[in-house]
Amino acid sequence: MDPLLSLQHLKKYYATQKAVDDISFDIQKGSIFGLLGPNGAGKTTLLRMITGIFYPDEGNIILDGQPFRPAEDISKIGYMPEERGMYKKMKIGEQALYLAQLKGLSKSEATEKIKYWFQKLEMESWWNKKVEDLSKGMSQKLQFVITVLHEPRLIILDEPFSGLDPVNANLIKDEIFGLAKKGSTIIFSTHRMEQVEEICDQIVLVNLGKKILDGTVNEIKQQFKENIFSIETDKIESISDNPIFSILKKEGQKVYVKINEGNDSNKVLAHLINNNNRIIAYNEVLPSLNEIFIKLVETTNATTRAFQNI
Amino acid sequence: MHKIWLIIQREYTTRVKNKRFLLVTFLMPLLIIGLIFGSAYLSTTGTEHRKIAVVDPNGFIKTSLKNTNQIEFLFTENIDTNNYSQKGFTDILILPKFEKTSKADYILRSKKSMGLMLQNSISEKINSAIEDQMLQEAGIHQNVLDSIHKASQFAELKAYEDKGGNTSKESNAGLAMGIGYASGFLIYITLFIYGTMVMRGVMEEKTNRIAEVIISSVKPFELMLGKIVGIGAVGLTQFAMWIILITSLTSVGMGLLPSDIQHQVTTLQQNNGQMGSVGMVQASESAMRIYNMQHTIATANWPLILSCFVFYFLGGYLFYSALFAAVGSVVNEDPQDAQSLMFPITMPIIFSYLITNMVTQNPNTPLAFWASIIPFSSPMVMMARIAYGVPSAVSYWELALSMTILIAGFLFTTWLSGKIYRTGILMYGKKVNWKTMIKWAFTKQS
Numbered sequence: 597m598d599p600l601l602s603l604q605h606l607k608k609y610y611a612t613q614k615a616v617d618d619i620s621f622d623i624q625k626g627s628i629f630g631l632l633g634p635n636g637a638g639k640t641t642l643l644r645m646i647t648g649i650f651y652p653d654e655g656n657i658i659l660d661g662q663p664f665r666p667a668e669d670i671s672k673i674g675y676m677p678e679e680r681g682m683y684k685k686m687k688i689g690e691q692a693l694y695l696a697q698l699k700g701l702s703k704s705e706a707t708e709k710i711k712y713w714f715q716k717l718e719m720e721s722w723w724n725k726k727v728e729d730l731s732k733g734m735s736q737k738l739q740f741v742i743t744v745l746h747e748p749r750l751i752i753l754d755e756p757f758s759g760l761d762p763v764n765a766n767l768i769k770d771e772i773f774g775l776a777k778k779g780s781t782i783i784f785s786t787h788r789m790e791q792v793e794e795i796c797d798q799i800v801l802v803n804l805g806k807k808i809l810d811g812t813v814n815e816i817k818q819q820f821k822e823n824i825f826s827i828e829t830d831k832i833e834s835i836s837d838n839p840i841f842s843i844l845k846k847e848g849q850k851v852y853v854k855i856n857e858g859n860d861s862n863k864v865l866a867h868l869i870n871n872n873n874r875i876i877a878y879n880e881v882l883p884s885l886n887e888i889f890i891k892l893v894e895t896t897n898a899t900t901r902a903f904q905n906i
Numbered sequence: 003m004h005k006i007w008l009i010i011q012r013e014y015t016t017r018v019k020n021k022r023f024l025l026v027t028f029l030m031p032l033l034i035i036g037l038i039f040g041s042a043y044l045s046t047t048g049t050e051h052r053k054i055a056v057v058d059p060n061g062f063i064k065t066s067l068k069n070t071n072q073i074e075f076l077f078t079e080n081i082d083t084n085n086y087s088q089k090g091f092t093d094i095l096i097l098p099k100f101e102k103t104s105k106a107d108y109i110l111r112s113k114k115s116m117g118l119m120l121q122n123s124i125s126e127k128i129n130s131a132i133e134d135q136m137l138q139e140a141g142i143h144q145n146v147l148d149s150i151h152k153a154s155q156f157a158e159l160k161a162y163e164d165k166g167g168n169t170s171k172e173s174n175a176g177l178a179m180g181i182g183y184a185s186g187f188l189i190y191i192t193l194f195i196y197g198t199m200v201m202r203g204v205m206e207e208k209t210n211r212i213a214e215v216i217i218s219s220v221k222p223f224e225l226m227l228g229k230i231v232g233i234g235a236v237g238l239t240q241f242a243m244w245i246i247l248i249t250s251l252t253s254v255g256m257g258l259l260p261s262d263i264q265h266q267v268t269t270l271q272q273n274n275g276q277m278g279s280v281g282m283v284q285a286s287e288s289a290m291r292i293y294n295m296q297h298t299i300a301t302a303n304w305p306l307i308l309s310c311f312v313f314y315f316l317g318g319y320l321f322y323s324a325l326f327a328a329v330g331s332v333v334n335e336d337p338q339d340a341q342s343l344m345f346p347i348t349m350p351i352i353f354s355y356l357i358t359n360m361v362t363q364n365p366n367t368p369l370a371f372w373a374s375i376i377p378f379s380s381p382m383v384m385m386a387r388i389a390y391g392v393p394s395a396v397s398y399w400e401l402a403l404s405m406t407i408l409i410a411g412f413l414f415t416t417w418l419s420g421k422i423y424r425t426g427i428l429m430y431g432k433k434v435n436w437k438t439m440i441k442w443a444f445t446k447q448s
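So the sequences go chain by chain: A and B. If you're matching positions, the first sequence starts at 597 in this note's numbering and goes up one per residue. If you're matching positions, the second sequence starts at 3 in this note's numbering and goes up one per residue.
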């Protein structure tokens with residue numbers, strides 16, 4: 597399948613730093629793509645190039661098989677930036693109408709679509725309210741509606757769940773899945789890893805302006821797995837270090853082991869069975885994305901501030 | 003283009019629908035007219051009354067110090083600086099014995115000090131009494147003196163502007179000064195009002211964080227231009243409504259005049275300032291005054307002045323508001339930053355206003371010429387000069403040059419500010435000064 601968006605050797609240098617330094621990747625049609633990285637990694641600059649706000653110093657952006665032309669293609673993109681806001685004094689309905697018209701919708705088309713979305717997300721009573729009367733979560737919902745209103749091929753959401761309560765976060769998450777199912781491609785930028793594991797098909801990690809990881813969530817976990825298994829048996833206390841595996845820790849009825857070089861998981865099982873353990877549960881423990889990223893970011897010598905409060 | 007139009011519409015309608023706009027638009031003319039009539043009323047009725055005791059050893063001055071509405075002169079005996087206020091006088095005027103050759107002090111003592119105008123009028127009266135006395139002593143008769151006094155009021159200067167050949171047009175320096183001052187002042191005030199309105203609008207978009215949302219749909223330059231044009235249209239609307247309100251209020255005011263005065267004014271207009279035809283009553287003083295005012299106002303070239311005003315208002319507004327927008331785009335949350343960054347913009351506006359005040363009196367100095375060519379000051383200064391007439395005070399080539407440079411000027415500031423704006427509007431948390439802003443403008447950006 598052809599990718600919807602293809603970035604080829606994008607570069608954007610500022611006077612003091614290389615914000616984006618030779619990044620390439622493809623995003624498949626209809627997929628949910630996670631763009632990850634700590635603060636200051638270059639995510640926002642990258643997104644601003646994809647949305648036509650910045651021009652790359654070098655490299656190409658291919659959208660839908662064609663070179664990206666910001667002036668025309670802007671209506672195919674819906675962008676919800678991290679730094680987002682509204683006119684505080686303007687009525688919500690008028691505001692949504694204005695922003696939709698700026699995206700190229702006609703007035704009647706825009707009105708119709710706003711009504712549809714407001715109804716869907718239970719926002720009908722908001723039309724004549726002002727943004728200053730909304731809570732942060734409510735205005736977030738409004739932002740989301742405005743972003744997807746013109747049915748863009750490519751939807752870019754920068755930290756879409758910050759400030760949302762679990763109910764509304766789920767509501768938006770379901771809408772994101774729905775949009776992807778209908779064929780929209782979604783770029784999802786965040787540093788909240790648990791959401792990424794749940795939502796994204798493919799991820800890219802950037803740090804210091806460079807791509808340091810690219811793949812599906814499962815591929816990446818496989819790539820970074822350390823052959824760790826959790827074991828639950830009826831005689832947990834009898835398990836001890838041996839040539840096949842070494843014990844990492846014991847936790848209640850579970851023991852975590854790391855398989856030694858030259859062995860595999862079946863040998864572990866055989867060893868346990870031979871020692872008269874009755875197996876209750878036996879699972880491979882894959883590293884969380886969070887662990888992988890902290891490790892990678894630390895090794896690329898960047899700030900880990902972004903991940904500490906997750 | 004369609005998107006700029008949407009932005010202009012939003013900027014315009016949100017402001018025009020605002021209650022404060024309506025309030026300012028309707029109250030301002032009322033306030034101005036109220037001020038004019040109020041101060042006129044106060045100046046005729048509300049003046050103080052002075053009762054002055056005069057000690058005069060000469061005797062001849064008495065006839066010249068005539069009582070007026072404001073001043074009452076009394077020549078009483080037994081009065082001095084110690085007891086004048088107990089006897090009910092506000093001031094005491096002590097005249098020395100007149101010596102003919104040497105200058106002497108004429109002393110005025112008061113409990114409440116006297117204004118300059120009154121003091122001047124008193125000393126003028128005394129001096130003319132002395133002059134008369136000396137002329138009489140030199141052998142000139144009282145009746146000769148009276149006819150001289152009358153004749154000295156005969157000359158009235160009427161200035162005409164030569165139109166080439168035998169045609170000429172009546173001109174009025176007082177009116178020109180008034181128009182020049184008023185239009186210069188209006189442009190000065192509106193540059194500030196609408197300039198800061200643009201700046202606050204840009205700051206609002208930046209601090210509300212809606213800028214990036216919009217910039218993902220339109221170019222930063224389009225957003226900036228839409229805002230500037232939209233607010234400029236608000237300014238024009240406000241001017242148009244003021245003109246309509248003031249003219250309609252004036253005509254309503256005229257309609258309220260007694261009918262015989264209205265009739266007299268019409269007759270005067272038809273007969274070129276003369277009551278003319280036989281059997282007509284003499285025109286009353288107020289009818290004459292109204293006629294003279296209308297006549298004077300009609301000497302100005304209003305279509306030219308109004309169209310130049312619109313041009314220079316727009317030109318000046320576009321020139322400065324782009325700079326204001328640039329400042330707005332680099333300011334973070336702190337309004338204090340805006341204050342200091344605005345300084346280099348507000349200084350030339352204030353200087354231009356000061357120059358305008360000088361130019362209203364002397365429209366043809368080298369300073370006036372240069373200040374009306376340079377776009378920083380031309381909107382205000384050129385208006386002050388145009389009031390004196392085109393081409394008599396400002397030649398056509400000067401006007402054309404000034405207008406061309408102003409257009410080039412605002413194209414330049416808009417281009418410059420556009421470069422600063424598109425970097426500034428998306429930049430948070432960095433304190434910026436003019437040096438950095440200029441650097442942004444002249445280095446290649448995204």
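Don't read these hints as lab results, they were simulated from the structure. Be a bit skeptical, because a hint or two may be false.
What the hints assert, rightly or not - Once the Cα atoms are required to be at most 30 Å apart in a straight line, the calculated DSBU-like pairs of lysine-lysine come out as:
(1) B/Lys-221 / A/Lys-703
(2) A/Lys-806 / B/Lys-433
(3) B/Lys-441 / A/Lys-607
(4) A/Lys-614 / B/Lys-421
(5) B/Lys-433 / A/Lys-684
(6) B/Lys-19 / A/Lys-687
(7) B/Lys-64 / B/Lys-5
(8) A/Lys-684 / B/Lys-64
(9) B/Lys-221 / B/Lys-64
(10) A/Lys-725 / B/Lys-5
Remember, it's a predicted structure, so these values are computed and weren't measured experimentally.
Consistency of the hints with the structure:
no.: 1; hint: B/Lys-221 / A/Lys-703; in the structure: holds (21 Å)
no.: 2; hint: A/Lys-806 / B/Lys-433; in the structure: holds (28 Å)
no.: 3; hint: B/Lys-441 / A/Lys-607; in the structure: holds (22 Å)
no.: 4; hint: A/Lys-614 / B/Lys-421; in the structure: holds (21 Å)
no.: 5; hint: B/Lys-433 / A/Lys-684; in the structure: holds (25 Å)
no.: 6; hint: B/Lys-19 / A/Lys-687; in the structure: holds (13 Å)
no.: 7; hint: B/Lys-64 / B/Lys-5; in the structure: violated (81 Å)
no.: 8; hint: A/Lys-684 / B/Lys-64; in the structure: violated (75 Å)
no.: 9; hint: B/Lys-221 / B/Lys-64; in the structure: violated (82 Å)
no.: 10; hint: A/Lys-725 / B/Lys-5; in the structure: holds (25 Å)
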